[in-house]
Amino acid sequence: MAEREETEKKKEAESFSIWDLPDVPQKLPPHIEFQRTRVQCNLDAPIHTENVMYSGAYASMGVDNSLQLDHFCNNFRVEVIRLTKDDMEFDLIGIDAAIANAFRRILIAELPTMAIEKVLIANNTSVIQDEVLAHRLGLIPIIVDPRLFEYMSENDTSNEKNTIVFKLHVLCERGGPRLTVKTNELKWLPNGSELPLETKPDSNPSSKPRTYTSFSSSQDLLPEFSNNPIRPMLDITIARLGPGQEIELEAHAVKGIGKTHAKWSPVATAWYRMLPEIVLLEDVEDEDAEKLVKTCPVNVFDIEDIGSGKKRATVARPRACTLCRECLRCGEEWEKRVSIRRVKDHFIFTIESTGALSPETLFTEAVKILEDKCERVITELS
Amino acid sequence: MEHGAFGDQSNATFSLTEEDHTLANAVRFTLNQDPRVTFCGYSIPHPSDARVNIRVQTTGDPAREVLKDSCQELMLMCRHVRSTFAKAVDDFRTSEKVQAMKIDSKE
Chain A
1 MAEREETEKK KEAESFSIWD LPDVPQKLPP HIEFQRTRVQ CNLDAPIHTE NVMYSGAYAS
61 MGVDNSLQLD HFCNNFRVEV IRLTKDDMEF DLIGIDAAIA NAFRRILIAE LPTMAIEKVL
121 IANNTSVIQD EVLAHRLGLI PIIVDPRLFE YMSENDTSNE KNTIVFKLHV LCERGGPRLT
181 VKTNELKWLP NGSELPLETK PDSNPSSKPR TYTSFSSSQD LLPEFSNNPI RPMLDITIAR
241 LGPGQEIELE AHAVKGIGKT HAKWSPVATA WYRMLPEIVL LEDVEDEDAE KLVKTCPVNV
301 FDIEDIGSGK KRATVARPRA CTLCRECLRC GEEWEKRVSI RRVKDHFIFT IESTGALSPE
361 TLFTEAVKIL EDKCERVITE LS
Chain B
1 MEHGAFGDQS NATFSLTEED HTLANAVRFT LNQDPRVTFC GYSIPHPSDA RVNIRVQTTG
61 DPAREVLKDS CQELMLMCRH VRSTFAKAVD DFRTSEKVQA MKIDSKE
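Those protein sequences? They're chains A and B, same order as listed. Residues 1 to 382, numbered by UniProt numbering, are exactly what the first sequence covers, in order. Residues 1 to 107, numbered by UniProt numbering, are exactly what the second sequence covers, in order.
Quick caveat, the hints were computed from the structure, so don't treat them as lab data. Any given hint could turn out to be false.
Claimed, not checked - Which residues of chain B face chain A? A partial, calculated answer using Cβ under 8 Å:
id: 1; residue: Gln-33
id: 2; residue: Val-37
id: 3; residue: Lys-68
id: 4; residue: Glu-73
id: 5; residue: Met-77
id: 6; residue: Val-81
id: 7; residue: Arg-82
id: 8; residue: Phe-92
What the hints assert, rightly or not - Computed list of lysine-lysine pairs in BS3-like fashion (alpha-carbon distance at most 27 Å, straight line):
id: 9; chain 1: A; residue 1: Lys-187; chain 2: A; residue 2: Lys-85
id: 10; chain 1: A; residue 1: Lys-118; chain 2: A; residue 2: Lys-167
id: 11; chain 1: A; residue 1: Lys-336; chain 2: A; residue 2: Lys-294
id: 12; chain 1: B; residue 1: Lys-87; chain 2: A; residue 2: Lys-85
id: 13; chain 1: B; residue 1: Lys-102; chain 2: A; residue 2: Lys-85
id: 14; chain 1: A; residue 1: Lys-311; chain 2: A; residue 2: Lys-336
id: 15; chain 1: A; residue 1: Lys-344; chain 2: A; residue 2: Lys-368
id: 16; chain 1: B; residue 1: Lys-87; chain 2: A; residue 2: Lys-368
id: 17; chain 1: A; residue 1: Lys-182; chain 2: A; residue 2: Lys-167
id: 18; chain 1: A; residue 1: Lys-368; chain 2: A; residue 2: Lys-161
id: 19; chain 1: A; residue 1: Lys-85; chain 2: B; residue 2: Lys-97
id: 20; chain 1: B; residue 1: Lys-68; chain 2: A; residue 2: Lys-368
id: 21; chain 1: A; residue 1: Lys-344; chain 2: B; residue 2: Lys-87
id: 22; chain 1: A; residue 1: Lys-187; chain 2: A; residue 2: Lys-167
id: 23; chain 1: A; residue 1: Lys-311; chain 2: A; residue 2: Lys-291
id: 24; chain 1: A; residue 1: Lys-187; chain 2: A; residue 2: Lys-161
id: 25; chain 1: A; residue 1: Lys-336; chain 2: A; residue 2: Lys-310
id: 26; chain 1: A; residue 1: Lys-259; chain 2: A; residue 2: Lys-118
Heads up, the beta-carbon is just placed ideally off N, CA and C, and yes, glycines get one too.
So that you can see chain A by itself, here it is in the shape it has in the complex (with noise of 0.2 Å):
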């Protein structure tokens, strides 16, 4: 039904004449709207792709274009589709490219996790060079609570309110068989770390020798890592060691953000795309349905009988759509007939996390991100 409405609506917009506009105009004349909310693609390229948000564009006729505060609130709607544990994906409508790609880059770049930086390697004799297995350790996922911790600058110590120690001791028997090294492996430190500072041989002997951090109390008794200690992501493979090589090593694990570096980034990623609105712009009967619904790769289109055996196209799953636009490729004049389009203020966001916090928290933390960051150039202009 509503690709008929639209195929009346172009139909009236081909018609249109000035005489038939109203005197005060309210609205803008339907072929205007059209640019200025839909994105058009073409076969070649898309056009109309740049927003019109000057605020005096439509001055001309009469309709102001200005953002209103009251008019966004009642338009913005958010639907979520799919909400798992590490992914969820939902809509959202009424909001402009501009924003929605700023809550985009904060969730890859902005967001803060705790990611391994330091590794004490005591022993190494394993295929894996150290700096490759250091590497590889920066990358595993640590499934915390980022804002339990602070940042740690350089002049700070190691203390139990920046840093979470690992240990990992895996040695291949020799005669055994081959070894796999899974992040299972790494213990977690609570009491911080065991490897102890070259400390001068005059010094009170009966002190505990000074280790690499300066845990004063021991991270297990906070109540939310009493009953679920930190661990890194499971089944991950480290290393592989063949028989008689040892791996022995401390790690420790800092917050940063993704803008230092992409081991710091707390999704896996996080894209959007417009809602895809296909139209076929005349009736598509009998042979030509058919092609039509044979060519497209993800099924947007149905065949619906509409009686005396005749068949007709209808658009059942436009959401689906690729925008590969094989159905404006199949035959020459087929470019008048379906028109893709894409809806300039309904995003679709897909947010797959890496597990240290849940995909609504992220997208909750990266919109007080922008928050943060507005205020912060308030404070400055003041």
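Following the hints, put chain B in place on chain A, whose structure we already have.
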């Protein structure tokens, strides 16, 4: 940092450090929508420096106030996005529970 003529408060360039396209594009969007603004844009002088120049030209109001108002509006929009999102997630969770209960009761 604001660069502009001392006499004319309505046109100015603001140089923000430690910012990039994330904030600048969003602020440019809200600035453009303000009816007092005749021109606004942003540029990044060099991608290795974390610095953004935002240019604002208005119809008479001081540019600093207009920029502050746009940042304020952007903050309000963000708050609204957050609350709407939280409500949508809650609705989705309750509707999932209802669905699960319906399936259980059918069995």
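> Hint by hint, which ones does the structure fall short of?
Replying inline: Every hint satisfied by this model.
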